[in-house]
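K.L.:
Using the hints, position chain B against chain A.
Chains as they are written, first to last, in our numbering: chain A, 1 to 165; chain B, 1 to 165.
I should point out that these hints are in silico values taken from the structure, not numbers from a laboratory. Mixed in with the good hints there might be a few duds.
In this list, chains with the same sequence are indistinguishable; a pair is considered to hold if it fits within one copy or across any two.
[To be verified] Derived pair list, reagent style DSBU-like, types lysine-lysine, alpha-carbon separation capped at 35 Å: (1) 53 x 25; (2) 69 x 24; (3) 24 x 53; (4) 53 x 107; (5) 161 x 61.
Number of protein chains: 2
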Amino acid sequence: MKKTIIILASSILLVAFGKSSIQKKEYIQTKKSEIMTSENRLQIENLLAEYQKALVNSDAKLAQFLYTKDGIFMPTEAPSGVGKEEILKSYEFVFSQIQLDIVFDIKEIEIEGDMAFAVTNSEGTVHILANGVKAPESNRELFVFKKVSGEWKIARYMFNKTSAK
Amino acid sequence: MKKTIIILASSILLVAFGKSSIQKKEYIQTKKSEIMTSENRLQIENLLAEYQKALVNSDAKLAQFLYTKDGIFMPTEAPSGVGKEEILKSYEFVFSQIQLDIVFDIKEIEIEGDMAFAVTNSEGTVHILANGVKAPESNRELFVFKKVSGEWKIARYMFNKTSAK
Numbered sequence: 001m002k003k004t005i006i007i008l009a010s011s012i013l014l015v016a017f018g019k020s021s022i023q024k025k026e027y028i029q030t031k032k033s034e035i036m037t038s039e040n041r042l043q044i045e046n047l048l049a050e051y052q053k054a055l056v057n058s059d060a061k062l063a064q065f066l067y068t069k070d071g072i073f074m075p076t077e078a079p080s081g082v083g084k085e086e087i088l089k090s091y092e093f094v095f096s097q098i099q100l101d102i103v104f105d106i107k108e109i110e111i112e113g114d115m116a117f118a119v120t121n122s123e124g125t126v127h128i129l130a131n132g133v134k135a136p137e138s139n140r141e142l143f144v145f146k147k148v149s150g151e152w153k154i155a156r157y158m159f160n161k162t163s164a165k
Numbered sequence: 001m002k003k004t005i006i007i008l009a010s011s012i013l014l015v016a017f018g019k020s021s022i023q024k025k026e027y028i029q030t031k032k033s034e035i036m037t038s039e040n041r042l043q044i045e046n047l048l049a050e051y052q053k054a055l056v057n058s059d060a061k062l063a064q065f066l067y068t069k070d071g072i073f074m075p076t077e078a079p080s081g082v083g084k085e086e087i088l089k090s091y092e093f094v095f096s097q098i099q100l101d102i103v104f105d106i107k108e109i110e111i112e113g114d115m116a117f118a119v120t121n122s123e124g125t126v127h128i129l130a131n132g133v134k135a136p137e138s139n140r141e142l143f144v145f146k147k148v149s150g151e152w153k154i155a156r157y158m159f160n161k162t163s164a165k
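Looking at chain A on its own, in the form it has when it is part of the complex:
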């Protein structure tokens, strides 16, 4: 990662060399902010990949870890999990009922300072543990993220279905 930044920074300086002082400053500023944005974007994509892993592996502790301290989990037809303790319990309950095999498709990520959001779709199968039934599962998700101590976390998360069952 550091190497990439150094190479990118060198390229910026080289290109900026042929421009006026004000142009140079503006060019470097724009490039810097582009690098920042793509760094943040990558971190959020990784966070979503980790979240998918937590769901697929029924790992409630990992799911909990990915939230901010004041995080809120708002699953369809279930009460909100507010804060780390309740979030852990919510996921433990979910994973005691079902096993998920799903993949997230990221539709968009938008970032503003230390806040961001993403819209995703998830598709796959749900295995209902009580009766062994496996069925198709698909949802649409809205995530709000916050950057806390340099790390992106899930701050608010809601999902619902795009059609009646």
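P.N.:
Frame of chain A; chain B shown alone:
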């Protein structure tokens, strides 16, 4: 509103008068940002009040007006309405099926630059137009807002139920 700002600004200057130059600068900066935040908060509260009005009056045009150009409406068990055209059609369809009499309870609003989010609950009754049945209706909402040309708009909006029907 202008009067309030002038009074607040005068109070800031008066209080700042007794402090050192750096303290004064910091104090004014903090107070300015507090006023900005509460101004933004008020505008978002007004936006949510307008949205409630759109729902209660079955006013699809008003609902549409409250979204950003690239807005996305993600209602439970229905496809996403993406962009102004689809958003209007989605609300027109909803209002052709049901009439809502609900009140929003704002749980929280958080703002970062030109992005913000809110979690709300809504409660009231739904009148199903096809059969005349009236039933209790309650939902939990996650709004993402964007400030466009100085005005807060709904950028993304999803809702779901907190318990099975």
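K.L.:
Each hint needs a verdict: does it hold in this structure or not?
P.N.:
Hints versus structure:
1. In this homomeric assembly, residue 53 and residue 25 never come within 35 Å of each other (Cα to Cα): the closest approach is 42 Å inside a single copy and 48 Å across copies.
2. Proximity of residue 69 to residue 24 under the C-alpha cut-off of 35 Å is restricted to the inter-copy arrangement: shortest distance 34 Å between copies versus 41 Å within a copy.
3. Taking identical chains as interchangeable, the C-alpha atoms of residue 24 and residue 53 are never at most 35 Å apart, the minima being 43 Å within one chain and 50 Å between chains.
4. Within a single copy, residue 53 and residue 107 get their C-alpha atoms as close as 18 Å, and across copies as close as 30 Å, so both meet the 35 Å cut-off.
5. Both within a single protomer and between protomers do residue 161 and residue 61 lie at most 35 Å apart by alpha-carbon distance, with minima of 25 Å and 25 Å respectively.
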